[in-house]
Amino acid sequence: MKTYEIVIGLETHIQLNTASKIFCSCKADSWGAPPNTNICPVCSGLPGVLPVLNAEAVRKGALLAAAMHAEINPISYFDRKNYFYPDLPKGYQITQFDEPIGKGGYMDLRMPDGSERRVRIHKLHLEEDAGKTKIDRGERLVDFNRCGVPLVEMVTEPDLRSGEEAAQYLTQLRQLLRWIGVSEADMERGHLRCDANVSIREAGSSMLNTKTEIKNVNSIDAVRQAISEEAKRQIDAVEAGQRIESYTLDWDADTGTLRKMRSKETEADYRYFREPDLLPVVLTAAEIAAVQNSLPELPLARRARFIQDYQLSAYDAEILTSERGLSDYYEESVQLCGGAAKLVSNWMMNDLIRLMNDTGKSAAELRLRPADLAEIIQLVEGGKINPATGKSLLARVEAGAGKASQIVADEGLGLIADEDTLRQQIAAILEESPSEMQNFRAGKESLLGWFVGQVMRRTGGKADPKRTRELLLELLRQ
Amino acid sequence: MTPDYITPELFAKLVTLAALELTPEESEYLRTELNHQLAAVKELSEIKLAEGVQPSLHGLDCQGNPPRPDEWLPFPDSAAILALAPESNGEYFRVPDFRRGGEEAK
Amino acid sequence: MSSIQLSAYQIAQKVRAGLLSPLEVLEDHLKQIAAVDGVPGSLEPKTSDPAEESKVHAFIEVSADLARRQAEQVRARLERGEDPGLLAGVPVSIKDIFCVQGTTTTAASRILYNFRPPYTATTVERLAQAGALIIGKTNLDEFTYGSSSESSAFQPHPNNPWNTERVTGGSSGGSAASVAAREVPLSLGTDTGGSIRQPAAFCGVVGLKPTYGRTSRYGLIAFGSSLDCPGPLARDVRDAALMLQVLAGADPKDSTSAVAPVPDYLAALEEGVRGMRIGISPDYDHITYPDTLTGEMSIQAIQPEMNTSVRAVAEVLAQLGAEIVENVPMPNARHGIPAYFVISRVEAASNLHRFDGVKYGYRARKPALDLSELYRATRAEGFGLQPKLRILMGMYVSAAQHSAQYYQKALRVRSMIRSDFERAFDPNGAYRLDALLTPTTPTTAFRRGEVMGDSVLMQYSDQMTVAGNHAGIPAVSIPAGLDPQGLPIGVQFFGMDFREDIILRAAYAYEQATRDAEWRAVQPQALRGSEVKA
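Chains as they are written, first to last, in the working numbering: chain Y, 313 to 790; chain W, 20 to 125; chain L, 8 to 541.
Keep in mind the hints are simulated off the structure, nothing from the lab.
Even glycine gets a Cβ: it sits at the ideal position worked out from N, Cα and C.
A couple of the hints might just be wrong.
[Stated by the list, open to error] Pair by pair, the computed Cβ-Cβ distance ranges are: (1) L/Glu278 x Y/Asp410: 23 to 33 Å; (2) W/Gly109 x Y/Gly493: 37 to 47 Å; (3) W/Gly109 x L/Gln136: 28 to 38 Å; (4) L/Thr301 x W/Ala69: 18 to 28 Å; (5) L/Arg123 x Y/Arg679: 18 to 28 Å.
Work the whole structure out from these sequences, hints included.
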């Protein structure tokens, strides 16, 4: 049997997280709103009304273009894409056709095996979303709430080679979108939607064969699965001597199967033309520069810097740059801890992430700020409290109990730093345990641990373990 | 150069694309008029364009409004929009759809 | 004296001074409508009463209640000592292509027969805020697609008040007729290829197409979105200037509306034409018309009185101190209609996509429809022949395989049409014009039924006007006499971008200078007889 290579291009629709829709002042996100309540004459296609462009949608589109290393078009245009469908109330979609806001570009992906792959971006444009229809007993019900939601449609070149790579692309794209703050990128809520173009070819060939388009692959698992299924189907078909036809397929996530929607042989003519109701979108050189300057350090670069500057393991750097808020949290904490990068990393990897999971909050949402974390770490490191107290303080501060040092003071959680007090306690214990003392002095030095335990029990854990050990040895050896 | 000519077959295709249906009398009239109009626009293809002539979108350079700020201002009466529907169920616009799957999705 | 004899300017002056009640003004005009208008246009016209043949039929809907409420508001504002606005108490009719909350807005089409918009066009909003009384919606060609107003789905269509066997022109025919027949002093129309100026010329009134973007398109049901301009129709130039003053200005709801400052148009009127350079073009004394089968173009003469009127107007302006510049070349004027056949149709076809029976308006009543049957049946029954023709033409010329040949080419020809005007108006060029003077139409009002059905001939009735829409520049048509059959003749001034003040000045100077001309004393046929009562 021949070996085949899978050739995949992804078309993603990204919902921008603006406050209002792209061409009217309805709320951009209708999550939870009853049908047809977040609509106005503009987005529901009433006659006589006109679209008015949302400046923030343009800014976020341009920012995404910058993050994809695309060329930001100084003059881009909106066009009408004409077709009839009940979820498209104007009978045309306002989109960008031949002069989109971003051209070209790429995104570098790191693969689980550690390798990197560059996925080229073909085109990136702004457009409005359509509404939703559903079928109910022979009738189609139409909801226009989603009409006019600002989208960026981003199309890759056919640079991906497996379902796993496609899944990595989506995962890392999702991370990037949240990182630069242009989209919530919640796939369950449809903020990030994906269609996949799949074809196969003999390994080593560079030709592009007939592809099929899989619609509605709207989770990372679905992308991985649907592409693998479709590639397998195509390979089987070719092996059986059949021709691949240009289908559109629908991915049914419930059954994990592909269903043929229609043949794509006759491409519809959308009769694109410039939208006369809108002016060209002009971005001056200064505006483009401002967008590019506002682009934060991207995840891959930050990850590399963490490994380099903070000597983190690749694994720790990966986790700590998985989300921008978390990585900002980390850096701020390191700074407040005087550059103790490894120490802060340990606290965050072990305890802070657990706290986030327990509370369901992101790093940015925690009440426990980097200053609080740094304070707790320094209390522990300075021998003021023991590590267990430190860890319990994380949850207490998060729960709103106040500043860590204040809690320690109020509740007397601090270690016994007064040496006389500690000496008295130890002397009392030695007096109560003559036989253990004898055994120790006879050479059973492993009993030291037992003595430490006694001191801890007697002091309620507030004895500084290091100093306790030193004093015990001193007194036992007298 | 002769003008483009719309045959009855091509005309029928156009009618379908336009989501129309016509009586034979209407078809006859409209196809005749279309061909007359195409004869009238034949002139366009014969016009010699001066060097570098760009397409004009509005005639003049519009001194239009800049894009609007991103503010959510709800329309006060979305129910009035749904109330315009020839058919609704009080929540959704309703359209008949007895042959699901036969429709082009886009 | 009935207030129907007054201009809008006079009415507003008197109302603001407390000398005239806005309610009385309204009742005078409602009385005039009752006297001359006849039955309103409807989808199911009543059996033909021969008396209706000589009525004007300007209106589809008379919104007396709305106007009465507005008149009450004007009165209340006066009583509170507030200024009720520039158009206080002035009845205004609105072409039924503008959405007005509280009225049915039909676009003269069955497909919108019951459409009651929950919003109001910006222009209408501004009129109401200036104290105008929105007295009703006037008839037009279906979706504005025509030059005679005969293609309305709401019959009877408007008749020309000067001779009711003649058409009003169109598409703002009902608007022009309502002004000519003194049913209102002002009307709001739209001009996409000449739809304000041509019916204004046919009905002997003033019609102004402003610069594209000078007036907001929000709430105007679109025909050719890159060409459409709302503008005033009035009985004299001052009234047109007054109404433009209220309409003009940027609108945040229309991205293409201009932020350019709005001058004081009324003040500008008084400045006269001394030193003004007014051009006349040999390219506007004939039309170029295609053979309907071969497309071969040939030059055809226009009605001779059109050219003699242009000369006569030039003569008057020269006497007032203007400089007449002869032989201004406008070589691309002849391409106006072919380019318009393409651009306006592409935009129209797309703009009509939204009428599908799903969201509002007419839905076909056939049972057991599926989705595409619903679309087809609704659009087949809902649209008349002219919208269907425009949809088909627009779809053909914008198809992917034809777009370069037709649409893209037409957009470049549009640039060339514009460059003719830029050359003529260039302050450093050979002509340095302030205005270009041309006939408004090739003929005076034609007979009812004479052109209807011949879509090419009908379109060529806009050949003198359409270049202004391509170029985006302003133009005003004013009455300049009567032809031997007693029908009004219109001439127009084209001007520079946003310089409506200059062309209004020229128009006003001519109007004032000929105030006592004999032809101005002649009343439209529809008014003779009713005058006795007034």
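**Item:** Hints that the structure is at odds with (numbers, increasing)
**Value:** Of the numbered hints given earlier, those the structure breaks are 1 and 5, listed in rising order.
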